[in-house]
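So the protein lines, in turn, are chains A and B. Note that this note's numbering has the first sequence beginning at 360, numbered continuously upward. Note that this note's numbering has the second sequence beginning at 8, numbered continuously upward.
Treat the hints as calculated values from the structure; they're not laboratory data. Take the hints with a grain of salt, since some may be wrong.
Claimed, not checked - Partner residues aside, some chain A positions facing chain B, computed with beta carbon under 8 Å: (1) L404; (2) N411; (3) F450; (4) F466; (5) G467.
Stated by the list, open to error - A partial selection of chain A residues facing chain B, derived with a Cβ cut-off under 7 Å: (6) Y392; (7) G402; (8) E403; (9) F406; (10) R409; (11) M463; (12) G468; (13) G469.
To be verified - So the derived label-pair ranges between C-beta atoms look like this: (14) E385(A) - T119(B): 32 to 38 Å; (15) P400(A) - R103(B): 30 to 36 Å; (16) R387(A) - E21(B): 39 to 45 Å; (17) E376(A) - T84(B): 45 to 51 Å.
Idealized CB from N, CA, C, for every residue including glycine.
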Amino acid sequence: AQKVTQAQTEISVVEKEDVTLDCVYETRDTTYYLFWYKQPPSGELVFLIRRNSFDEQNEISGRYSWNFQKSTSSFNFTITASQVVDSAVYFCALSEASNNAGNMLTFGGGTRLMVKP
Amino acid sequence: DAGITQSPRHKVTETGTPVTLRCHQTENHRYMYWYRQDPGHGLRLIHYSYGVKDTDKGEVSDGYSVSRSKTEDFLLTLESATSSQTSVYFCAISDRDRARATQYFGPGTRLTVL
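The following block holds chain B by itself, in its conformation from the complex:
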């Protein structure tokens, strides 16, 4: 199994508060991704990173920001959490940027915004 951890694994917060989720990998992979999973939608890409300090937006990036200061860590921040951001968040990694690259996923973080 790919060495990917996410923290926290569960979080309950209130509307309007900032929240930061962390993804940590031990595989030294260059590419990292944040997805959210919602019923009926599968997983949707929020942001991704193609190297240290190199990030770009995905399909559902509004309300989210990311940072990557080290190869092993990719942070997802909700500046002011809203109830629509209640979801399960998954981090993924891959070792190449080609479409054929397999993405391996972390265990997920369940976030509830009250």
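Next comes chain A alone, as it looks inside the complex:
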């Protein structure tokens, strides 16, 4: 069965520090997709990125970057020069191509990031 683990439940950094949020996943599928969502204090879930299992290229979007490594089943998220507005709970999620439950997303438990000024 699929599983997503976010071992860091809470991280606290000072503004301008770099921070990496870890995500480790388990799946038997060869085709799967990985996602990151952000949940700011206001409570909504904001989609950040989707990667498929065949594309291991790292991705950068502004201060955000993602490192996908199939060899270690990890999809880590790095925020460079963190800002107070980055304070949120971040969720990693997995979707398997063979899953019959309408592409059910399996979520990790989330990492709460607190960026202090």
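Use these hints to put chain B onto chain A, whose structure you have.
Chain B in isolation, oriented as in the chain A frame:
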């Protein structure tokens, strides 16, 4: 932002009462989902719909039922609410059923069962 609304946004009810949560979308997406969010568990799928009148169970469906009579509306019903159903409920939509489809989430409904 995807046009998804949820109502009510907050609700307090008593054990044993029926509760219905509504998800409404303006995107004309075929697929709709109900998740619940609990501390330490992330989000877990309750039920999903792959078309009007077509629904199926998710990971944590016990105690919940759903209905979808129109493309734009997906209702989640707790027939007899229990304290274990105190949670934040999120609706999501996607435009395809493949695993690569991105799900977009509504603002959530905070439900407290006393």
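Now the hints, each set against the structure:
no. : hint                          : result
1   : L404                          : 4 Å, holds
2   : N411                          : 6 Å, holds
3   : F450                          : 6 Å, holds
4   : F466                          : 3 Å, holds
5   : G467                          : 5 Å, holds
6   : Y392                          : 5 Å, holds
7   : G402                          : 5 Å, holds
8   : E403                          : 5 Å, holds
9   : F406                          : 6 Å, holds
10  : R409                          : 5 Å, holds
11  : M463                          : 5 Å, holds
12  : G468                          : 5 Å, holds
13  : G469                          : 6 Å, holds
14  : E385(A) - T119(B): 32 to 38 Å : 33 Å, holds
15  : P400(A) - R103(B): 30 to 36 Å : 31 Å, holds
16  : R387(A) - E21(B): 39 to 45 Å  : 43 Å, holds
17  : E376(A) - T84(B): 45 to 51 Å  : 46 Å, holds
In the structure shown, no violation is registered for any of the earlier numbered hints.
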